[in-house]
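J.: Below are the chains, spelled out letter by letter.
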Amino acid sequence: GQNIDQPTEMTATEGAIVQINCTYQTSGFNGLFWYQQHAGEAPTFLSYNVLDGLEEKGRFSSFLSRSKGYSYLLLKELQMKDSASYLCAASNQAGTALIFGKGTTLSVSS
Amino acid sequence: DVKVTQSSRYLVKRTGEKVFLECVQDMDHENMFWYRQDPGLGLRLIYFSYDVKMKEKGDIPEGYSVSREKKERFSLILESASTNQTSMYLCASLSRNQPQHFGDGTRLSIL
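Protein chains in written order, with our numbering: chain A, 1 to 110; chain B, 1 to 111.
I should point out that these hints are in silico values taken from the structure, not numbers from a laboratory.
Any given hint might turn out to be false.
Label pairs and their computed distance ranges (CB to CB) [to be verified]:
{"hint": "1", "chain 1": "B", "residue 1": "D38", "chain 2": "A", "residue 2": "N92", "range": "20 to 26 Å"}
{"hint": "2", "chain 1": "B", "residue 1": "S82", "chain 2": "A", "residue 2": "T105", "range": "26 to 32 Å"}
{"hint": "3", "chain 1": "B", "residue 1": "T15", "chain 2": "A", "residue 2": "E55", "range": "28 to 34 Å"}
{"hint": "4", "chain 1": "A", "residue 1": "Q79", "chain 2": "B", "residue 2": "Y50", "range": "35 to 41 Å"}
{"hint": "5", "chain 1": "A", "residue 1": "G15", "chain 2": "B", "residue 2": "E62", "range": "44 to 50 Å"}
{"hint": "6", "chain 1": "B", "residue 1": "V52", "chain 2": "A", "residue 2": "E9", "range": "38 to 44 Å"}
{"hint": "7", "chain 1": "B", "residue 1": "D26", "chain 2": "A", "residue 2": "Y70", "range": "32 to 38 Å"}
{"hint": "8", "chain 1": "A", "residue 1": "E77", "chain 2": "B", "residue 2": "K70", "range": "43 to 49 Å"}
{"hint": "9", "chain 1": "B", "residue 1": "E62", "chain 2": "A", "residue 2": "E77", "range": "41 to 47 Å"}
{"hint": "10", "chain 1": "A", "residue 1": "R66", "chain 2": "B", "residue 2": "L111", "range": "44 to 50 Å"}
{"hint": "11", "chain 1": "B", "residue 1": "T86", "chain 2": "A", "residue 2": "R59", "range": "24 to 30 Å"}
In this text, all values refer to a predicted model and were calculated from it rather than measured experimentally.
We put the CB at the ideal spot given by N, CA and C, even for glycine.
Could you build all of it, start to finish, from the sequences and the hints given here?
T.: If you want it as structure tokens, here you go:
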């Protein structure tokens, strides 16, 4: 079967670092996406990992281990505006569809 | 920049009505998707399409149908709206091995 697991909720304080984990089991796999979704808005694209390793983009980094079926999103120097839901999504073998996790709601407090 | 446009941000309809949700993308993407999103349930795929005239059922197609007469337009149809179809509906499109882009969403209330 196909399954994407990520924690339901996380909390952190401003300026801190937080890591959101995601494990996936899919029948075919091409790459791993992370999306950010603020309340009442549509998801927006954050990162895409195809190869193993760490991809860094400003305060956000994403890691992938294909052999372990594992990814994480690392957020540094947290700001209040980072309070949002973070969705992990695995791409199918053909790269034509995504399977989404249920999302991790991150609350950043001062 | 990719633009996915949904026809309405907010919509209120009555039980039993036939409801049309329209989605248009401007990047010539082959693949288009309709999801609904409910608290605690995440994004659930209703229908998707790989090409004009093509449609495939997602995880929760019951009570819905779709139409893709032109490549840029993917319509979701609620044949006879029911209160349990009150939800946020999100349209998305993607080109192979590229990020999926979402529309702003339609918050649909069925009374």
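J.: Need the list of violated hint numbers for this structure, in ascending order.
T.: 3, 11
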